[in-house]
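Could you put together the complete structure from these sequences and hints?
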Amino acid sequence: MRIDPILTIAKREYTTRVKSKGFWIATVLLPVAMAALTILPSLIAMKSRASQRLAIVDEVGGFGDTLATKLVEEDKTKSDPSSPLTDKSRRKEEAAQFKVELVPLAADRTAQRAELDRRVLAGDIDAWLWIAPEGLKQNQIEYHAESVSNFMTQNRLTEVASQVVGEARLKLAGIDAEKVTQLTHPLSLETLRVLAGGSRHEGGMAAFFLAYFLYFLLYMIVMLYGQQVMNGVLEEKSSRIVEVILATVQPIELMLGKLFGIGLAGLTQLGIWLTTMLVLTAPVVVTTIAVIPSDMLPQVTIPVVIHFLINFLLGYALFATLYATIGAATNNAQEAQQFVGFLLVFQIAPMFFLFPVINDPDSTRSVVLSMIPVFSPLLMLLRIVVKTPPYWQILTSYLLTGTFVFFLVWVCARIYRIGILMYGKKPTFQELWRWIRYT
Amino acid sequence: MSDNLELREVRKAFGDFVAVDGVSFAVPPGSIFGLLGQNGAGKTTSIRMIMDILAPDRGEVLFFGRPRRPEDLQRVGYLPEERGLYRKMTVTDHLMFFAELHGVKRAPASRMIADWLQRVDLAQWGKTKVEALSKGMQQKIQLVGTILHDPDILILDEPFSGLDPIAQILFKDLIADFKARGKTILFSTHVLEQADKLCDHICLVAHGKVILAGELATLKRERGGNVYRLGGRGTTERIAATPGVAQVLERQTGWKLVLESNAEPATVLRALVENVDVTDFRSEEPDLETLFLQAVRNAN
Chain A
0 MRIDPILTIA KREYTTRVKS KGFWIATVLL PVAMAALTIL PSLIAMKSRA SQRLAIVDEV
60 GGFGDTLATK LVEEDKTKSD PSSPLTDKSR RKEEAAQFKV ELVPLAADRT AQRAELDRRV
120 LAGDIDAWLW IAPEGLKQNQ IEYHAESVSN FMTQNRLTEV ASQVVGEARL KLAGIDAEKV
180 TQLTHPLSLE TLRVLAGGSR HEGGMAAFFL AYFLYFLLYM IVMLYGQQVM NGVLEEKSSR
240 IVEVILATVQ PIELMLGKLF GIGLAGLTQL GIWLTTMLVL TAPVVVTTIA VIPSDMLPQV
300 TIPVVIHFLI NFLLGYALFA TLYATIGAAT NNAQEAQQFV GFLLVFQIAP MFFLFPVIND
360 PDSTRSVVLS MIPVFSPLLM LLRIVVKTPP YWQILTSYLL TGTFVFFLVW VCARIYRIGI
420 LMYGKKPTFQ ELWRWIRYT
Chain Z
0 MSDNLELREV RKAFGDFVAV DGVSFAVPPG SIFGLLGQNG AGKTTSIRMI MDILAPDRGE
60 VLFFGRPRRP EDLQRVGYLP EERGLYRKMT VTDHLMFFAE LHGVKRAPAS RMIADWLQRV
120 DLAQWGKTKV EALSKGMQQK IQLVGTILHD PDILILDEPF SGLDPIAQIL FKDLIADFKA
180 RGKTILFSTH VLEQADKLCD HICLVAHGKV ILAGELATLK RERGGNVYRL GGRGTTERIA
240 ATPGVAQVLE RQTGWKLVLE SNAEPATVLR ALVENVDVTD FRSEEPDLET LFLQAVRNAN
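Chains A and Z are the protein sequences, given in the same order. The first sequence begins at 0 in numbering that gives the first Met the number 0 and counts up by one. The second sequence begins at 0 in numbering that gives the first Met the number 0 and counts up by one.
Be careful, since some hints might not be right.
What the hints assert, rightly or not - On the chain Z side, residues computed to face chain A include the following (Cβ under 10 Å): (1) P69; (2) M88; (3) F96.
Rather than coming from a laboratory, the hints here were simulated on the basis of the structure. C-beta: ideal position from N, C-alpha, C; glycine also.
This is the structure we're talking about:
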């Protein structure tokens, strides 16, 4: 095996890809989508603050006023920027603000209900509440609106109304409502991620989404670039250029050159993406540009990026070698599909362990699965993002996968060498086995 | 001076099918060597073994009088029968890739590419993608890619099949040019007329075996003598039935006769006069086709 031809082949693969428009469209689109994902939710949150005009009719008496005051009052606290935003307060933020109008009870209730309905339809108000004595006995108040699917707003209403009614009932029973509220206040988790460099506030959801996102990014890019290798080999075969090339280089040199060149193109694209991610999620940037609180955004750290790249290289080398072999052994994309389906099983399988591993990255199952070469790149990355495993585990998984890749290249080169010049019918698994043993 | 290229007892089987069965031949330096035979005779398999694309089961391939080294292949220009290009690459990029595969550095390569594109009238197409070129243009690019690194040995597998007329002229000119510069050319073809005009050495293969090999002029001289041109009126059947006539080929005017090796031309002529109204009967140097048919007959 010589280095020069491998480099020549790799250079061709790399430059033709990096020069193509599609490469740059994909490269730019993903960061744009990522930026949109970080900025859009805050924009949407701001928009949904549009107020809901609510009419309240208090048939029971004594609740309307308090409810109106509470609804408006609560609104004020949450627009105070100095108060720290928790998951709970954010939920309030996404619910509507209220503009409350207290409507005195009329003599003819049926006519009044009809009038309120008319006002809703006319767009004069958005909804009306009716507090009826018989309803209240069954712990219910009526909510009338054109749309009743705005469950966030309804949750808020229920919450405030329950509080108001509850306090009134406590008072009626002679108990100090304030004290009770203080004593029975529900708890929330303040999540802090323990990191080597010091702990940081991080929402549980944030860490989950980062792990999830990076997992799928790796899955996707390994599959896409693996299939590019396969299509490249098929193209060389069907355009018959392969024989010209094989007259000067060995099949294994052609295969390795192709793997290197296309892998490098993948690495370039990932480099751009991960750098964007590093910049977009850096604390300094987040606090200055993002409208959403920093604990919502998980931070992509440099070690995560490095491990991502290592796992990409291992996963890519493993699967692209197999994809190259499929390309060499078959004659066209249709024929290749059967073998690709077989490969996809191994690529998709780790997804079944996605949630168990995120939930318990240190369980025996997680550790063992992350050591199996075909699953290792995806699952080890997942473990690293969720909680850094002991270094010996990371190194063992890398070593095992690396060794497996070498073995695979050795086996696949034998199939590749024969398949690449074989035209005609699709080989069977038995034939492939014979090619491996043939010297 | 040792031969540029030599095959010794080379054999290659695919399963039960023996494609090349103990083939030996030598290509002298500066020659135009024709590897001839019908489709399926084992020409392409032999060439692939020369190019180290296939490994022979037995026998060896020598370059410049010694076992082949990997770098020898960079001194060879090879145009396979099935030839293709990367459709999405520009002409210049493609040729640069070929040049680099053959170990030519970028700077001299770009000069050579510019020269060659000029020479084959494709200078203004350098930045065009291959897929936008006509078939004839693509054939020119393939040929330029084969000879860009100025190889010492040119190996062309069925170079004239599917060529458009302009590319054909170009190919012939280039082969002549290469020979004039003292380089060696080996090409395979099943069209014997072409080989007859171009080659100075030949090797005839049939069913994987060499049935005739050597310098064309010598072969013709040695095996000539019993080939005659016959003019007149008569039927092919009656001529063929004449004693002493081994083979009859119809020509545009008259026939070509191959006499049995022990036949006396005068006796045959006397016999022919009985059957045909003879106007012309003279000795002729055999063409390659005749040699081929003769060799096939002898081999059987």
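Consistency of the hints with the structure:
Taken as an interface hint, P69 of chain Z checks out: its beta carbon lies about 7 Å from the nearest beta carbon of chain A, inside 10 Å. The beta carbon of M88 of chain Z comes within 6 Å of a beta carbon in chain A, closer than 10 Å, and the hint placing it at the interface holds. Against a cut-off of 10 Å between C-beta atoms, the interface hint on F96 of chain Z holds, since the closest Cβ of chain A lies about 5 Å away.
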